[in-house]
Amino acid sequence: MATHAPSIPGAPGKMTAEQIWSVEAGERRPVGVIHIVILALLIGIGFVVGAFGSISFPLGFGVNFFWTGIAVQQVGAIWFGAWGVLAGTIFPFFSNAVAGTPFYISLAYVPANAVQAFLPAWAFRFFKADPRLQSGRDYLILLATMIVSSAFGALWSPLVVLRGFGLLTTESVPLFIWGWFGGNVIAGLVFNFILLKALSGVVIRTPSFVKRWLS
Amino acid sequence: MNKTLLGYVPEQSPIYAVHPFVKLFFLLVVSLFPMFIASPEWNLALMLFILGLMWLSRVDMRVLRIYVPMVISMGSVIFLSYTVLGGVHPEFGLAARIAGVNIYWERIRDASVVYARILPMIFTMVFFLSTSRERDVIVAMRSVRIPFVVTYVFAMALRAAGMVLEDFQIVRQAEQARGFDTAGKSIPYRIRKYVMYMIPLFALSLRRSEEFANALLARGYAFTGEASRVKRADYVLTHYSFRPADLLLTAAIGLAFAALLVLRFGFGYFELERSWFIAWLKTALD
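As you go down the protein sequences, you meet chains S and R in turn. Going by numbering that gives the first Met the number 0, the first sequence runs without a break in its numbering and finishes at 214. Going by numbering that gives the first Met the number 0, the second sequence runs without a break in its numbering and finishes at 285.
Since the hints were derived computationally from the structure, they do not count as laboratory data. Each residue gets a CB set at the ideal place from its N, CA and C atoms; glycine is no exception. Among the clues, some could well be false.
[Claimed, not checked] With a Cα cut of at most 30 Å, we get these calculated DSBU-like pairs of lysine-lysine:
no., chain 1, residue 1, chain 2, residue 2
1, R, K192, S, K196
2, R, K184, S, K196
3, S, K210, S, K127
4, S, K127, S, K196
5, S, K196, S, K13
6, S, K13, S, K127
[As the list claims (entries may be wrong)] Simulated DEER-style distance windows between Cβ atoms:
no., chain 1, residue 1, chain 2, residue 2, range
7, R, V67, S, E170, 21 to 29 Å
8, R, M34, S, E26, 46 to 54 Å
9, S, F64, R, M34, 24 to 32 Å
10, R, L260, S, S21, 50 to 58 Å
11, S, E23, R, M34, 49 to 57 Å
12, R, E40, S, V159, 28 to 36 Å
13, R, A226, S, E26, 18 to 26 Å
14, S, K13, R, D59, 55 to 63 Å
15, R, E272, S, K196, 53 to 61 Å
Model the full assembly from the supplied sequences, consistent with the hints where possible.
See the structure below:
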């Protein structure tokens, strides 16, 4: 007599991390209107959430001590692949603009924002980590990618962009590097883990969830 | 009053006579001006000019209040960064020594130049946001033949931002009704509890994405495949015409930029050596 309910292959509750990211034989995952909608909605959420951080804790030139937009950037990219990466690259234009960051400075931040969104999304797919954060390995991958991607952003933005525009002295660069890095990592620690833990179980069951990069 | 991306403009305003593309062009080109101007007085004059345009457009100037803390904080950061955190430079002229920190004249000058550069860039952005509606951005993009799907995504994103703000209010009121209120609490507490808004906001948006997608499909929208190649009527563009005055304004902005480059690199205008503000500042600090 069976003591457990039979496991149903592909049922979300029983899905392994490997199954979450792999496309079954015969499974069709076309790019659809839903992905375009997700892209737009992520830009919309990022606009509002990012602007909150930019206005509430500003250091200057779009650098903040606590940038809430990082949650949309990284969690969105983990769930929705390229659409999340694209949204994470675009929405800082809007949120920075409302917070008074000049247009061309926001434009120069594009590589930093793109990497910050891309790296966690790539690592979760490459290492087949579970977005529901079921094991210590999943937590470690998320934490490591948050740190590495924010470190890139923190180096790129003050050293390349702000120094390039002649806005900072060499001596004040560390303040902005730590501001960017700390502002992103602290906000990521507060929001990314909880959001993934709370919502990934639902998101992976929706048609908008992206297993590869586009669908 | 008409709601813009940032504030309100009255029903009757001269800004409505300007085609949205001209406003976008103004943002993109005039934002470049301060990068080629070193003299603070010219950049401050540009900022006053933009403020004048806002006043002429009858923008509700109270919108500027949210930028006061920003402008002060940015100014403080720039001046602290250049002076207190400016390092030790025996080759520079010492303007003051405060609590053991050397404040150099060259650093004060550079901070003034940078700050005066940033201000008009910020006000150009504020001018654009406070005189443009969501529809204006779409019209401007469609006017330059940006693909339908890109324009549509931007339109949906701007609309989604408004919906997220509404959702945020609903979630906050619902949580307050259940006895949760962060009023009077410390900033770390508020930051921690902010996640209580984030989860419902994400969940609502995910649910809404399916409603959105179904509504679009029901109306025959498609962004890939055969259906996406059907030419759609640009209804919104029929409300706007690019008049000769718009062409003149666009040309004037372009020519102003060209003139700026010629004066800057051909004749040495807008350089620090010619700045009366810097000369005055030096005299004042000596």
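S/K13 paired with S/K127 [C-alpha distance capped at 30 Å]
holds (16 Å)
Does 55 to 63 Å hold as the CB distance between S/K13 and R/D59, or does it fail?
Because 57 Å falls inside the window, the suggested range holds.
That 50 to 58 Å hint for R/L260 and S/S21 (C-beta), does it hold up?
Since the Cβ atoms of R/L260 and S/S21 sit about 55 Å apart, the hinted range of 50 to 58 Å holds.
21 to 29 Å as the expected CB spacing between S/E170 and R/V67, which holds or is violated:
Check passed, 28 Å falls within 21 to 29 Å.
Within 46 to 54 Å: is that where the Cβ-Cβ distance between R/M34 and S/E26 falls?
holds (51 Å)
Taken at face value, is the distance from the CA of S/K196 to the CA of R/K184 at most 30 Å?
The hint holds at about 26 Å.
Taking the beta carbons of R/E272 and S/K196, is their distance inside 53 to 61 Å?
Hint holds: Cβ distance 60 Å, inside 53 to 61 Å.
Can you let me know if the beta-carbon spacing of R/A226 and S/E26 is within 18 to 26 Å?
holds (23 Å)
Would you check the hint for S/K127 and S/K196, treating anything up to 30 Å between C-alpha atoms as holding?
At roughly 16 Å apart (the allowed maximum being 30 Å), S/K196 and S/K127 satisfy the hint.
Hey, S/K210 versus S/K127, does the alpha-carbon distance stay inside 30 Å?
With a Cα-Cα distance of about 10 Å, the restraint between S/K210 and S/K127 holds, given a limit of 30 Å.
Please check whether S/E23 and R/M34 have a Cβ separation lying inside 49 to 57 Å.
Holds, at about 53 Å.
S/F64 versus R/M34 beta-carbon gap, inside 24 to 32 Å or not:
Since the Cβ atoms of S/F64 and R/M34 sit about 27 Å apart, the hinted range of 24 to 32 Å holds.
Going through the hint list in order, the structure satisfies each hint without exception.
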